[in-house]
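Single-letter residue listing:
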Amino acid sequence: MSGKKIKHRIGWLVLCLLPIFGQAQVAIHGKVSAEGEPLGGVRIDLRFAADSRMLTYTFSDGQGNYRLQTTQSGKFILQFKSLGAEPLSLTIAPAQADTLIDVQMRPGGVQRLQEVIVHAKQPYRNGRDTIELAVNSFLQGDERNVEDLLRKIPGINVGTDGSIKIGNKEVEKVMVEGDDFFEKGYRLLTQNMSVQPLEKIQVLQRYSNNKQLKGIENSDKVALNLQLKADSKNQWLGSVGLQGSPIGPKYYQASANLMNFGKRNKYYLLASANNNGYDAVSSINYLIQSGSANEPGQIGMDISTPTLIDNTPNLPNFDYRRTNFNNDKLISLNTILNPTSAFKIKWIGFANPTKKSFYRNTVQEYNLEDIQFTITEDYAFARKIDNYFTKLELQYEPSPHTTLNYTGTLGSLNSNELGTLLFNNITSLETTKNKGYLTNHNLTYSYKLSERKALVSSIRFINQQSPVDYSINQYYYQDLFGPDSVSGVQQHIDNNLRYLGATTHYISRQQNGNFFELGLSSTYQQQKLNTQLRLLPGPETEHKTVAYPPEYANEMTLRLFQTNFISKYTVKQRNWEVTPRLQLGMVYSRLINFEEQKRKNNLQLSPGLSAKWAIHYKGRLETDLFFQQQNTKLTDLIPNYYTTGIRNFIKGMDNIATLSSSGATLLYTYGNMSDRFFANIQIGNQILFDYIGTENDLHPNFNLMQQRLLQDKTLCYAKAELNYFVKSLNGNLRLDVGFNTVDYENMVVGLGRRQIRTNRYDYGLSFRSSWKSYFNMYTGYSLQTNSYRMEGETNTLTNGQAFLNLFLRFGDNLQFSLKNESYRFGAMPQQKAQTYYFSDFSVFYDLKKYKTRFDITAKNIFNTRSFRNALLTDISRSTTEYRLLPRYISVGIDYNF
Amino acid sequence: MYKYSLFFVFLLATAVSYGQKLKAVYEYLPSPMATFREEVYFQDGAKTSVRDSLPQPMSKATSNGDDEELSGSMSVTLDMGKIYRNIVIKKNNATQLLETRSLKGSNYLVNDELPPLAWNTNFTDVDTLGKHICHKATATYRGTTLVAYYTNDIPVPAGPYKFGGLPGLIVMLYNEGANPHYWLLKEIDYPYTGDVPVNEKYINTLPKLSLESYIKKEDLETEERMRMMMSKMPLMEGVTVERKKVRGSVEQVYEWEKN
Chain C
0 MSGKKIKHRI GWLVLCLLPI FGQAQVAIHG KVSAEGEPLG GVRIDLRFAA DSRMLTYTFS
60 DGQGNYRLQT TQSGKFILQF KSLGAEPLSL TIAPAQADTL IDVQMRPGGV QRLQEVIVHA
120 KQPYRNGRDT IELAVNSFLQ GDERNVEDLL RKIPGINVGT DGSIKIGNKE VEKVMVEGDD
180 FFEKGYRLLT QNMSVQPLEK IQVLQRYSNN KQLKGIENSD KVALNLQLKA DSKNQWLGSV
240 GLQGSPIGPK YYQASANLMN FGKRNKYYLL ASANNNGYDA VSSINYLIQS GSANEPGQIG
300 MDISTPTLID NTPNLPNFDY RRTNFNNDKL ISLNTILNPT SAFKIKWIGF ANPTKKSFYR
360 NTVQEYNLED IQFTITEDYA FARKIDNYFT KLELQYEPSP HTTLNYTGTL GSLNSNELGT
420 LLFNNITSLE TTKNKGYLTN HNLTYSYKLS ERKALVSSIR FINQQSPVDY SINQYYYQDL
480 FGPDSVSGVQ QHIDNNLRYL GATTHYISRQ QNGNFFELGL SSTYQQQKLN TQLRLLPGPE
540 TEHKTVAYPP EYANEMTLRL FQTNFISKYT VKQRNWEVTP RLQLGMVYSR LINFEEQKRK
600 NNLQLSPGLS AKWAIHYKGR LETDLFFQQQ NTKLTDLIPN YYTTGIRNFI KGMDNIATLS
660 SSGATLLYTY GNMSDRFFAN IQIGNQILFD YIGTENDLHP NFNLMQQRLL QDKTLCYAKA
720 ELNYFVKSLN GNLRLDVGFN TVDYENMVVG LGRRQIRTNR YDYGLSFRSS WKSYFNMYTG
780 YSLQTNSYRM EGETNTLTNG QAFLNLFLRF GDNLQFSLKN ESYRFGAMPQ QKAQTYYFSD
840 FSVFYDLKKY KTRFDITAKN IFNTRSFRNA LLTDISRSTT EYRLLPRYIS VGIDYNF
Chain A
0 MYKYSLFFVF LLATAVSYGQ KLKAVYEYLP SPMATFREEV YFQDGAKTSV RDSLPQPMSK
60 ATSNGDDEEL SGSMSVTLDM GKIYRNIVIK KNNATQLLET RSLKGSNYLV NDELPPLAWN
120 TNFTDVDTLG KHICHKATAT YRGTTLVAYY TNDIPVPAGP YKFGGLPGLI VMLYNEGANP
180 HYWLLKEIDY PYTGDVPVNE KYINTLPKLS LESYIKKEDL ETEERMRMMM SKMPLMEGVT
240 VERKKVRGSV EQVYEWEKN
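Those sequence lines, one after another, are chains C and A.
According to numbering that gives the first Met the number 0, the stretch in the first sequence is residues 0 to 896, in order.
According to numbering that gives the first Met the number 0, the stretch in the second sequence is residues 0 to 258, in order.
Treat the hints loosely; a few may be bogus.
To be verified - Okay, derived cross-link-like pairs now, DSS-like style, lysine-lysine, Cα gap no bigger than 25 Å in a straight line:
#1 C:LYS213 with C:LYS345
#2 C:LYS30 with A:LYS90
#3 C:LYS771 with A:LYS215
#4 C:LYS151 with A:LYS215
#5 A:LYS200 with C:LYS726
#6 A:LYS103 with C:LYS771
#7 C:LYS343 with C:LYS199
#8 A:LYS90 with C:LYS771
#9 A:LYS161 with C:LYS726
#10 C:LYS343 with C:LYS228
#11 C:LYS718 with C:LYS151
#12 C:LYS617 with A:LYS103
#13 A:LYS103 with C:LYS726
#14 C:LYS611 with C:LYS164
#15 C:LYS183 with C:LYS328
#16 C:LYS328 with C:LYS228
#17 C:LYS527 with C:LYS617
#18 C:LYS390 with C:LYS345
#19 C:LYS434 with C:LYS343
#20 C:LYS151 with A:LYS216
#21 C:LYS650 with C:LYS632
#22 C:LYS383 with C:LYS343
None of these hints come from the bench; they were simulated from the model.
Using the sequences and the hints given, assemble the complete structure.
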């Protein structure tokens with residue numbers, strides 16, 4: 000043993016014996032030998048004779064020498080132990096400060112060791128799919144909520160909408176100590192919970208929502224679990240935030256959240272309000288429709304009444320907050336109780352009174368041979384929404400292999416919309432009242448038959464009513480209903496759904512990873528749709544009677560009884576897997592229109608095949624092939640016209656049809672995010688053998704749209720994303736290329752069938768720096784070209800977008816960001832294409848010591864007040880101008896406790 | 000490919016060849032997703048530890064039959080390129096230990112002036128691992144706390160990786176924290192008559208670096224990879240962040256980094 004080591008040992012010994020320091024030190028040393036030869040590697044330990052407690056130990060060196068020291072006195076046992084020698088034990092009571100003990104050991108002891116050790120407690124044995132991340136490793140002190148923290152963890156992507164992705168898979172849920180409040184509406188948690196109580200973040204791979212399916216289900220789902228520090232449990236925690244504009248237009252945002260997470264009970268209270276365009280309840284939709292559709296043994300996940308009148312503006316690739324004049328309020332109370340370890344109660348309640356306004360002016364141009372006209376619409380919408388929603392979830396585990404789960408929801412979804420309208424230069428007032436009611440009950444029974452087999456059965460009942468009252472105080476339809484004096488038009492819609500479904504799935508995962516699923520389900524669905532258009536008599540009419548045009552009334556019922564057989568088998572090998580699947584269904588449909596009944600009983604066949612193949616170290620190929628048959632939906636079948644707004648009257652086919660389609664996709668991925676070169680290439684093709692097309696009867700004041708069953712629509716697409724990290728620039732250069740083409744037919748009254756081909760090309764180039772300096776940038780340009788070719792004529796529209804984001808950072812506490820965007824839209828022939836510039840500036844200052852963050856934000860610095868977007872369809876070309884929130888400056892403070 | 004070209008040679012420890020060789024095989028679990036095999040050879044106070052560079056397929060006992068996932072792969076652990084075998088050699092008369100490390104496809108012989116581990120064996124905790132009664136010991140090690148269970152039955156001061164110096168062979172070791180690395184003793188062979196599969200001659204021809212300069216090189220490389228990843232991330236609302244480096248190993252803070 001080296002001198003340094005001995006010194007160290009002595010030092011350590013002195014430290015250990017500090018309490019009794021001052022007593023005489025005894026050194027025991029000597030030489031160990033066997034059969035006259037010095038014996039090294041012998042452990043010599045000194046123990047108290049009284050209790051065998053070890054005082055110190057050492058190993059003999061190559062020459063067999065050893066040295067031990069102790070400050071203790073009394074009777075000791077000096078033990079000599081080595082593999083290959085008989086252990087030796089001496090009882091000593093050293094009286095001298097320097098005691099020499101030489102020993103001779105005899106060969107023997109452990110002659111041979113050949114052992115395989117089986118650890119009863121394997122780390123990760125049950126949690127092999129769990130990656131645990133220590134929050135401290137990622138905290139930089141500038142994060143006020145969980146979302147901020149997640150953004151800093153490599154491999155986790157947080158979208159601007161708050162969606163969380165691991166790689167490119169969106170997480171199922173974000174749990175706290177294994178309990179989940181919000182399912183896919185987790186943004187409410189991640190955007191409002193402070194990071195202070197967090198200790199660890201667990202990334203749960205191959206996650207199963209159903210505990211009994213863990214390890215069996217062929218899952219590629221991911222979930223997050225937040226684990227709390229011991230001292231933060233059973234404490235009220237939370238945050239408050241306030242933002243307001245001291246000068247100019249008054250905009251504010253305020254939020255408060257309070258939480259208490261204990262081992263048994265968890266509470267979460269949230270209140271928020273704003274009028275700066277932010278949709279505080281964007282995630283409420285996930286709570287209304289909870290659960291995951293792709294899970295085995297689930298039924299009726301995507302069943303709801305169809306939306307018939309929707310005035311929500313649709314602005315892809317544009318920040319909705321700029322057009323959203325709102326006044327959002329949200330209050331939410333949530334609790335999870337665990338009265339016993341086998342029983343869990345979860346209750347969620349929401350109230351969401353909100354006002355939203357938006358303004359849009361549309362110019363729509365029809366230029367189809369001799370159908371040529373232009374329409375103008377100037378809209379100002381004010382929508383008042385009152386949503387109340389409550390959900391109760393009970394989970395009971397009578398045994399470790401059985402889970403019984405009940406979920407019941409009750410919702411009241413109301414909205415009142417008032418539209419002030421200038422349509423073709425005639426003013427009118429349009430109102431739309433929705434008074435929805437929803438109740439949804441689901442009972443799931445899961446039973447784990449063995450480590451690899453499980454049975455899941457579910458039964459679901461849904462009752463939903465979505466009545467709509469639509470009215471307009473003008474009469475634009477003289478060409479449709481005659482020139483009589485009409486003071487207004489009303490439409491009442493009854494839109495009801497009743498659903499009962501039951502299913503049983505058997506799932507089995509074999510030792511080699513192969514996976515088998517067999518399911519049987521039966522559903523009964525009844526949808527009722529009554530619509531009635533009323534023409535209110537004008538003041539000049541003699542008979543003050545309301546007219547009900549019979550062609551504009553529906554009283555229909557669609558009854559479906561469906562039995563499905565589902566089977567799926569996955570064969571897994573080290574670097575590839577193949578999953579053939581088959582769905583076989585028997586459908587009995589009955590469509591009742593007033594008194595008239597139509598029946599259709601048919602067999603549906605939907606086979607498919609998906610495969611994954613790791614071709615080489617960096618490359619992966621995925622493919623999916625399918626053939627699918629499904630029946631037409633309620634909205635495709637509506638026999639008579641109903642109105643969906645000022646101009647459009649729609650009617651369905653009044654005939655149940657089976658739609659067949661087939662498709663194939665291929666995806667190739669090279670490398671990953673931390674590689675210099677990372678690429679994704681995707682191609683796909685789809686053929687719709689039957690599809691629902693439209694026949695339009697176009698008039699300046701109205702459009703009669705009839706749905707038609709057409710054949711052979713083909714869709715092809717290809718897209719590539721190429722990333723290359725340029726070392727000399729220290730940043731990532733990204734190129735996006737996309738192509739999309741669709742061939743189909745539409746029909747226009749007077750023009751007959753028209754062959755249409757649409758092409759869309761996307762190009763994008765962007766650069767994001769990753770400089771070590773305090774300054775960084777992200778810039779890019781993208782171009783989209785849309786074209787419609789029909790009857791030898793091609794209409795093309797090209798839109799361009801550019802952005803330049805600059806970031807400045809001084810230390811950890813002070814950060815600036817300047818976001819600039821420009822949009823250039825193609826325009827109608829007589830219009831001039833316009834470019835719109837937007838610039839937003841923000842500065843953040845963190846006062847970490849006080850868990851407080853201050854910010855100053857300036858929005859829409861160029862004060863762009865309107866925004867004109869152009870749209871091309873197969874029958875028209877239109878531009879829509881939206882009014883935008885003005886420039887404003889706000890000052891904010893966020894405090895976490 | 001060096002792995003396959005390594006010749007099997009004897010490890011000549013000290014001048015005196017009195018003891019028999021002990022071979023211990025550990026399972027090294029740096030994360031739930033990966034398992035490595037580590038072989039430790041111990042003779043006359045000299046230790047050689049050899050860790051395989053490729054993760055082991057899950058053994059039957061520990062797997063639930065799942066195969067490795069093809070899709071949905073995570074990028075939490077950074078892909079550091081091709082990793083060579085990690086060999087740690089500690090001679091009984093030297094204060095330093097030698098370690099082979101690889102960086103960007105090159106192997107280095109790294110000299111680690113590892114301060115001796117100050118084990119605290121003052122625990123009454125006893126655990127039975129396999130058939131061995133094991134005692135707990137802890138030590139502070141480069142920014143983390145090691146928790147080891149050793150057995151008095153095998154009086155050999157050896158253990159996995161750079162660890163040892165306890166009264167008996169280490170049966171289990173992990174570092175405390177949210178992301179523990181585990182070492183589990185799986186097999187013991189004594190006396191082991193085979194060779195130590197290490198070509199010392201080859202190792203000695205490798206470019207030599209001190210641990211400090213190696214770690215600095217590695218940190219630069221990690222940082223570059225982090226930057227590559229960050230530069231591909233979608234834009235975050237508001238601000239950009241400078242990344243703090245997080246080491247994926249047990250060693251988090253080095254002696255020269257403590258101020």
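Comparing the hints with the structure gives:
Distance hint between LYS213 (chain C) and LYS345 (chain C) is fulfilled; the C-alpha atoms sit about 22 Å from each other, no more than 25 Å. Between LYS30 (chain C) and LYS90 (chain A), the direct Cα distance comes to roughly 21 Å. Compliance with the 25 Å bound is thereby established for this hinted pair. For the suggested pair LYS771 (chain C) and LYS215 (chain A), the alpha carbons sit about 16 Å apart, so the restraint of at most 25 Å is met. For the hint pairing LYS151 (chain C) with LYS215 (chain A), the CA-to-CA distance comes to about 23 Å; that is within 25 Å, so the pair holds.
About 37 Å separates the Cα atoms of LYS200 (chain A) and LYS726 (chain C), which puts this hinted pair outside 25 Å; it is violated. For the proposed pair LYS103 (chain A) and LYS771 (chain C), the alpha carbon gap of about 21 Å is at most 25 Å, so the pair holds. Taking the CA atoms of LYS343 (chain C) and LYS199 (chain C), the gap is about 23 Å. The hint holds against a cut of 25 Å. Restraint check for LYS90 (chain A) and LYS771 (chain C): the C-alpha separation of about 42 Å exceeds 25 Å, so the hint is violated.
A C-alpha spacing of about 36 Å is found between LYS161 (chain A) and LYS726 (chain C), which places the hinted pair above 25 Å, so the restraint is violated. In summary, the hint linking LYS343 (chain C) to LYS228 (chain C) is supported, as the alpha carbons are separated by about 23 Å, within the 25 Å threshold. A hinted pair counts as satisfied when its Cα atoms are at most 25 Å apart, and LYS718 (chain C) with LYS151 (chain C) does not qualify at roughly 29 Å. Of the pairs offered as hints, the one joining LYS617 (chain C) and LYS103 (chain A) holds, with about 16 Å between alpha carbons and a cut-off of 25 Å not exceeded.
Between the alpha carbons of LYS103 (chain A) and LYS726 (chain C) the distance comes to roughly 16 Å, so the proposed pair stays at or under 25 Å and holds. For the given pair, LYS611 (chain C) sits about 21 Å from LYS164 (chain C) by alpha-carbon distance, which is consistent with the 25 Å threshold. Straight-line distance between C-alpha atoms of LYS183 (chain C) and LYS328 (chain C) comes to about 21 Å, which keeps the hinted pair within the 25 Å bound. Taking the CA atoms of LYS328 (chain C) and LYS228 (chain C), the gap is near 32 Å; set against the 25 Å cutoff, the hint is violated.
With a C-alpha separation of about 53 Å, the suggested pair LYS527 (chain C) and LYS617 (chain C) falls outside the 25 Å cut-off, and the hint is violated. A hinted pair counts as satisfied when its Cα atoms are at most 25 Å apart, and LYS390 (chain C) with LYS345 (chain C) qualifies at roughly 8 Å. For the hint pairing LYS434 (chain C) with LYS343 (chain C), the CA-to-CA distance comes to about 33 Å; that exceeds 25 Å, so the pair is violated. For a cut-off of 25 Å, the pair hint linking LYS151 (chain C) to LYS216 (chain A) stands: about 23 Å separates their Cα positions.
Distance check on the hinted pair: LYS650 (chain C) and LYS632 (chain C) sit about 13 Å apart at the alpha-carbon level, within 25 Å; holds. Between LYS383 (chain C) and LYS343 (chain C), the direct Cα distance comes to roughly 36 Å. Violation of the 25 Å bound is thereby established for this hinted pair.
In terms of the numbered hints stated before, the structure departs from hints 5, 8, 9, 11, 16, 17, 19 and 22, listed from lowest to highest.
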